[in-house]
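Each chain is listed here by its residues.
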Amino acid sequence: MSQSQETEATAIAPLSEIEELRDLIIGREAQVLADLRKRLDDPQLRAEELAGVLVETIRISQANGEDLAGAIEAPVQACIKQSIEKDTQFFADALFPVMGPAIRKSITEALKSLVQSLNATVDNNFSAQSFRWRLEAKRSGVTFGEVVLKHTLVYRVEQVLLVQRDTGLLMQHAVRPDIASKDGDAVSAMLTAIQDFVRDSFSAEGDSAGDLASIDVGEQTVWLINSPQATMACVIRGLAPMSLRADLQGVMEGLFRSHGTLINEFNGDQDSLLVLLPLLEQCFKYEQTKSAQQEGVVEGEFSELEDSKAASRGEYSNIFTKPAVYVFLLLTVVLIIAWSAWVHRAENEKKDRLLSILASEPGVLVTGFEWEDIDWYRPERRLVVRGLKDPVFNRVDRLVKEQLGYADERIDIQMHPYISLDESAQLQRAKKYLQPPSSVQLHIINGHLMATGSVRPEWFNRWDGKLLSLPNISSIDLSQLKIDLSIERQEFDQLRTDLQEHVFYFTDSKTVAKNFLATAQRAAQKLKQLHALSLVLGQTYTVQLTAYSDHVGGEALNAPVRRLRGEMVKNLLVAEGALSSLIAVLDGGAEGVERSADFSARRVNLAVVLGEPREEE
Amino acid sequence: MISKKICMVGDFGVGKSSTVARYVKNAFSDKYQTTVGVKIDTKEVSLADDTELKMVLWDIAGTDNLKQMNTNYLRGASGYLLVADGTRAETLETALALKKQIEAVAGNIPFVGLLNKADLVDDWEIPDSQYEGLLVRSWDFYKTSALDGDNIERAFLALAHKVMG
Numbered sequence: 000m001s002q003s004q005e006t007e008a009t010a011i012a013p014l015s016e017i018e019e020l021r022d023l024i025i026g027r028e029a030q031v032l033a034d035l036r037k038r039l040d041d042p043q044l045r046a047e048e049l050a051g052v053l054v055e056t057i058r059i060s061q062a063n064g065e066d067l068a069g070a071i072e073a074p075v076q077a078c079i080k081q082s083i084e085k086d087t088q089f090f091a092d093a094l095f096p097v098m099g100p101a102i103r104k105s106i107t108e109a110l111k112s113l114v115q116s117l118n119a120t121v122d123n124n125f126s127a128q129s130f131r132w133r134l135e136a137k138r139s140g141v142t143f144g145e146v147v148l149k150h151t152l153v154y155r156v157e158q159v160l161l162v163q164r165d166t167g168l169l170m171q172h173a174v175r176p177d178i179a180s181k182d183g184d185a186v187s188a189m190l191t192a193i194q195d196f197v198r199d200s201f202s203a204e205g206d207s208a209g210d211l212a213s214i215d216v217g218e219q220t221v222w223l224i225n226s227p228q229a230t231m232a233c234v235i236r237g238l239a240p241m242s243l244r245a246d247l248q249g250v251m252e253g254l255f256r257s258h259g260t261l262i263n264e265f266n267g268d269q270d271s272l273l274v275l276l277p278l279l280e281q282c283f284k285y286e287q288t289k290s291a292q293q294e295g296v297v298e299g300e301f302s303e304l305e306d307s308k309a310a311s312r313g314e315y316s317n318i319f320t321k322p323a324v325y326v327f328l329l330l331t332v333v334l335i336i337a338w339s340a341w342v343h344r345a346e347n348e349k350k351d352r353l354l355s356i357l358a359s360e361p362g363v364l365v366t367g368f369e370w371e372d373i374d375w376y377r378p379e380r381r382l383v384v385r386g387l388k389d390p391v392f393n394r395v396d397r398l399v400k401e402q403l404g405y406a407d408e409r410i411d412i413q414m415h416p417y418i419s420l421d422e423s424a425q426l427q428r429a430k431k432y433l434q435p436p437s438s439v440q441l442h443i444i445n446g447h448l449m450a451t452g453s454v455r456p457e458w459f460n461r462w463d464g465k466l467l468s469l470p471n472i473s474s475i476d477l478s479q480l481k482i483d484l485s486i487e488r489q490e491f492d493q494l495r496t497d498l499q500e501h502v503f504y505f506t507d508s509k510t511v512a513k514n515f516l517a518t519a520q521r522a523a524q525k526l527k528q529l530h531a532l533s534l535v536l537g538q539t540y541t542v543q544l545t546a547y548s549d550h551v552g553g554e555a556l557n558a559p560v561r562r563l564r565g566e567m568v569k570n571l572l573v574a575e576g577a578l579s580s581l582i583a584v585l586d587g588g589a590e591g592v593e594r595s596a597d598f599s600a601r602r603v604n605l606a607v608v609l610g611e612p613r614e615e616e
Numbered sequence: 000m001i002s003k004k005i006c007m008v009g010d011f012g013v014g015k016s017s018t019v020a021r022y023v024k025n026a027f028s029d030k031y032q033t034t035v036g037v038k039i040d041t042k043e044v045s046l047a048d049d050t051e052l053k054m055v056l057w058d059i060a061g062t063d064n065l066k067q068m069n070t071n072y073l074r075g076a077s078g079y080l081l082v083a084d085g086t087r088a089e090t091l092e093t094a095l096a097l098k099k100q101i102e103a104v105a106g107n108i109p110f111v112g113l114l115n116k117a118d119l120v121d122d123w124e125i126p127d128s129q130y131e132g133l134l135v136r137s138w139d140f141y142k143t144s145a146l147d148g149d150n151i152e153r154a155f156l157a158l159a160h161k162v163m164g
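Protein chains in written order, with numbering that gives the first Met the number 0: chain G, 0 to 616; chain U, 0 to 164.
Bound-form chain G, shown alone (with noise of 0.2 Å):
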């Protein structure tokens, strides 16, 4: 072996026992290096192990408030963004149990959301609480709001400010829309204060459940809900209830657990903490009374609180960025547009009445209709009907107004005047002409007038020869109309009675009794009227004029008296107007006791036979 060689294998000598020396120090610990190594350098191997692990990591993050979500935001969306893209009905599938009750609740609670405004706009303005509320509000001297706030309010948050607890620094301020709120800054500090203030007044030494927890001012409360590192101030109008102090304490929860970091770095700039903002909002919670749930009346007087508020603060003066408004007006639209159509409808079911009855009415004829407006502010129309009508008819205007009920500014009915060939037309204008009794009945046949019944001989005799002609009639008959001469028959009949009764009596042979005369010229009277009564009525009759004697004398002697005293009655009654020719004296005899005489028994009377006179006996 060469020097050279022994050399080198001295050299190597040490390094194999350098192996070995180091194989005994750390042989166990280049072992668990290269399994290390190989845990490392194998994807397989270290996906396995991290995801024995993953599921528990995440749960300490989360529980240790990191940002977890915040880290794995973008990567959970890109993969669902890729999910969807690749596959959408995976997606609609997983969705679909979900989608529809999500999709009724948004609808149900638009439409109960619509309702309650709609609700609430119409019992704002014309409700007779609202009147009332205002009334109190005129007399109070406070805002209409705060009365609405006073009766329907059970409790509402109305700021919330955040207060850091060393400085009494103010760190963020909510506040309602319309609430006046006085300088944050200066009420935080002095909150702080007070709260101090008691807390080292009424606390034991070392008591940290120490801390002022509410403050009750009127009607308002404040609620101070502390933390170590700040006090949540809210205050609240009404009575709340004891629940939400946990909600306030679980916003306050939520600021620290989101945002713990910055709120502990607070140095006195609140544009650090803006994003607080919309968290501390979440503590704006409300409740009415249930009667104004009942009557949703609180959201719509909240609107005008807020309107009122802002109007003031000169921050509003557009009314119509209100939805509620808007809905107020189209319902007010919908309202007049159906009042409108209603009014439209009976107004033209009205007209084709009217129409209907005019056309059937004899005489009248329309040619046309319009309508007029009455007001500019009116749906109510004037109708305005033009035709013609023959002036023998003069039921229209009553017909309107009797049977369709128009009021004398919603109709006018225009008709000129002419002359209808209609039958009944030609009937009512010959009715109106000839003005026959009831009796008599009209008929056109082929364009004569012809009338059957009976009239009066008056009546007849008054047309006798003097009828004018009417339109299209070319001739009028009144041959086949009876006279009616019954009353004339009755006065005849009357009279002849009457006459009947009639005695001419004697004292003696030739002198007569000495109401005689008298009697004569009622006779003579009657005989006048009993004659120009048979005339009309064409009776043939015949004034019999019978003496009577009594037996004093003798026959021989009394029948050439009897005849004398007839002759004297007959001449009597001549000369008073009766007719000659018509009167026959007749001998009636002798009457009474044989040879004796009797006053009764010398005496003429006078009866009335009907017939043809006899020849004078």
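You may find that some hints are simply not true.
[As the list claims (entries may be wrong)] Calculated cross-link-like contacts (lysine-lysine; reagent style DSSO-like; alpha-carbon spacing at most 30 Å): (1) G/Lys-181 / U/Lys-161; (2) G/Lys-513 / G/Lys-527; (3) G/Lys-527 / G/Lys-481; (4) G/Lys-431 / G/Lys-481; (5) U/Lys-161 / U/Lys-99; (6) G/Lys-181 / U/Lys-42.
The hints are simulated quantities; they were obtained by calculation from the structure and are not laboratory data.
Fit chain U to the given chain G structure using the hints.
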């Protein structure tokens, strides 16, 4: 805008409240001082670098001994105004004593001293030598008058700069 808590401390009757009243518009009634022991006001100032600062002024009821004062009111203060009455020399001593006590409680926070009632020249009790002695210690002390408003604005502004410095 940045908000900072500023306390006003000093003996009875040195004119703390009058000074604040001269400088700000009161938000609360003076009666708070006698009831709660402190009254809060705020004042917004614009600094030279256009920074907007809102000074939340804690006007603490006057006392000659910090033990009688609610130290909680000093907690978190960014600065304070140390007020003495120039017509009563002992109030300056009280103020300097309070300063030591405040530093013990709140640390070495910025302050500005006010020798108030400077309008009462005839009654002035603090010799110029003593006043210059204060200035020599690099303390900002101003002779102020709540009545005339002299130097009050300057004093507050000086403190504002110190607080923001």
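Now for the hints, and whether the structure bears them out:
1. Taking the CA atoms of G/Lys-181 and U/Lys-161, the gap is near 28 Å; set against the 30 Å cutoff, the hint holds.
2. At most 30 Å may separate the alpha-carbon atoms for a hinted pair to count; G/Lys-513 and G/Lys-527 meet this at roughly 23 Å.
3. Between G/Lys-527 and G/Lys-481 the alpha-carbon distance is near 26 Å, which keeps this suggested pair within the 30 Å criterion.
4. A hinted pair counts as satisfied when its Cα atoms are at most 30 Å apart, and G/Lys-431 with G/Lys-481 qualifies at roughly 21 Å.
5. For the hint linking U/Lys-161 to U/Lys-99, the alpha-carbon distance of about 19 Å falls within 30 Å, and the restraint holds.
6. Note on G/Lys-181 and U/Lys-42: the hinted pairing holds, with a Cα-Cα distance of about 14 Å set against a maximum of 30 Å.
Of the numbered hints listed earlier, not one is contradicted by the structure.
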